[in-house]
Amino acid sequence: MFQPEAEWRAHLAEGRFMIQRSRSTGGHVFYPRVMEPGTGAEDLEWVSASGAASVHAVTIVRKKDPADSYSVVLVDLAEGPRLMSRVDGVPVDDIHIGMAVRASIIQEGDKPLLVFVPA
Amino acid sequence: MSMGNGFPRGRAAIVGASTYGIGQCPGLSAVDMAAKAALLALADAGIALSEVDALYTSAPYEALGGMELAEYLGLTPKVTDCNRTGGSAFEVYVQQAALALEAGLIDCALIAYGSNPASNPPPGVGMTRQSPWEAPYKPLAPLSSYALAASRHMHLYGTTREQLAEVAVAARQWAQLNPEAAVRDPLSIEDVLKARMVSDPLTVRDCCLFNDGATAVVMVRADRAKDCARAPVHVLGAAHAVTHREISSMPDLTVTGAAISGPQAFAQAGVKPADMDVAMLYDAFTITPILFLEDLGFCPKGEGGRFVSGGHVAPGGGLALNTNGGGLSCVHPGMYGLFLLVEATRQLRGECGERQVKNARLAVAHGNGGVLSSEATVVLGTAETV
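Residue numbers (this note's numbering), protein chains in the order written: chain A, 23 to 141; chain B, 324 to 709.
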């Protein structure tokens, strides 16, 4: 039985950032699902994401202690899909739209988390 | 009836409209408030509760709110709806009620809403799930999603924080003319810019209120409307578009579904944005009316920030926008969309006192739900516009 979210998380837990691709249309899909949105294609297979991406939009959630402020970004993957994430490894005020970033899998709490760092 | 554009132009009308408990409404439940607003709107129309045969509501804390309100009011409606398109639900209800009235399925529609998060804070768990794809990054919901759209608009079109602030200041100036508005103290551009930043580029003053309020409208067919207590406000067009649920799936962060619903509703109505005497555009955050002004066709894409500058949407400006003070300064109890329709109705009836737009004949009410996810546009007009 195909389990889109569970399989994606299992890959992530093993250090792999996977996305889906339709064999018939060639379109990449994220978040994982049972069909390609728009076409309805069900012939989705897992492929490794290149990890290359650029910042499409950015906001900084401001906290009382500036050190606790954090970014929330939308990134465009080189393969096409857009997703929400965070940019680590750079002061939040240096994050800007168009910035080249790459995927990184970190442990946050007891769970793996997909974030991005400057490319 | 004009055929082919999906709407029976002018054949249904709003004949009753009310607000209740704006600001602080302690001691009542949400459904108590909706019922109070419902009775006020029915009295406004001169229609008995027993005549209502269609009920539309979006309860704030009860997924099965349509049934809850039917039970509470003691009605057995032929149509009951409690849709989940957020703040746009009420514009959708106007569309659906007009179609059901035209078909003869129903004779009298009541749309009602009440919510008092300020004095009766909701339980921690809402009716919407946490997105597995967004929640791990801790965006403020829904604020950060709108902030992301604003960041994109600023990047592409040079929209400035001062232009965002213009929206908040104009709303406040309208609120100062509305005795019912909850927040009426002076507000300057500088105040907005210096306010606490919450999620860049939006400060606490770029965000709508989260206060109490209830509201209702009553709709009947145009033939019946002529005999009601107040001048009917006809529904000339109503259209809806949903583009996504979460902001990461919004097709284009600077183009909302209003670019679909707006042109369709105006075409149904046979009028243009420039014909509008009043524009009630959902202002959850200062960026939202800017996007809707563009998408509905009041100005070209990217020009919304410049359009609102220099007090153009404040009292005395070129466009009467959000004349009740909006979600930013009048009322926003969670789902604000029905208040837009009530203020438009009051303007078209000429009931707005100091903030009245002279000879208002046409108005647009545009509701927004989710995170720019659901967009619904209703064009309203006086009897002479039908």
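Hint data in this document are derived by calculation from the structure and do not stem from the laboratory.
Every residue gets a Cβ at the ideal spot worked out from N, C-alpha and C, and that includes glycine.
Keep in mind that the hints are not guaranteed to be accurate.
Unchecked claim - Some chain A residues flagged as far from chain B (calculated, every beta-carbon gap over 10 Å): (1) M40; (2) E67; (3) A79; (4) Y92; (5) V94; (6) S107; (7) G120; (8) E130.
What the hints assert, rightly or not - Which stretches of chain A does chain B cover? Using the computed rule of at least three CB atoms under 8 Å from a CB of chain B, they are: (9) 82 to 90; (10) 96 to 105.
Each hint tested on the structure:
1. Non-interface call for A:M40 relative to chain B: holds, since the shortest CB-CB distance, roughly 14 Å, exceeds 10 Å.
2. At the 10 Å boundary, the C-beta of A:E67 stays outside the reach of chain B, the nearest C-beta of that chain being 20 Å off.
3. Not every CB of chain B lies more than 10 Å from the CB of A:A79, the least distance being 4 Å, so the non-interface label is violated.
4. At roughly 7 Å, the least C-beta separation between A:Y92 and chain B is not larger than 10 Å, which violates its mark as non-interface.
5. Non-interface status of A:V94 relative to chain B is broken: a Cβ of that chain comes within 10 Å, the nearest being about 5 Å off.
6. At the 10 Å boundary, the C-beta of A:S107 falls inside the reach of chain B, the nearest C-beta of that chain being 6 Å off.
7. With a cut of 10 Å on Cβ distances, A:G120 falls inside the contact zone with chain B, its closest approach being about 8 Å.
8. In this structure A:E130 is not separated from chain B by more than 10 Å, as the shortest Cβ-Cβ distance comes to only about 8 Å.
9. Under the rule that three or more residues need a Cβ within less than 8 Å of chain B, the assignment of the stretch 82 to 90 of chain A holds, with 3 such residues.
10. For the stretch 96 to 105 of chain A, the proposed coverage by chain B is satisfied: 3 residues have a C-beta within less than 8 Å of a C-beta in that chain, meeting the threshold of three.
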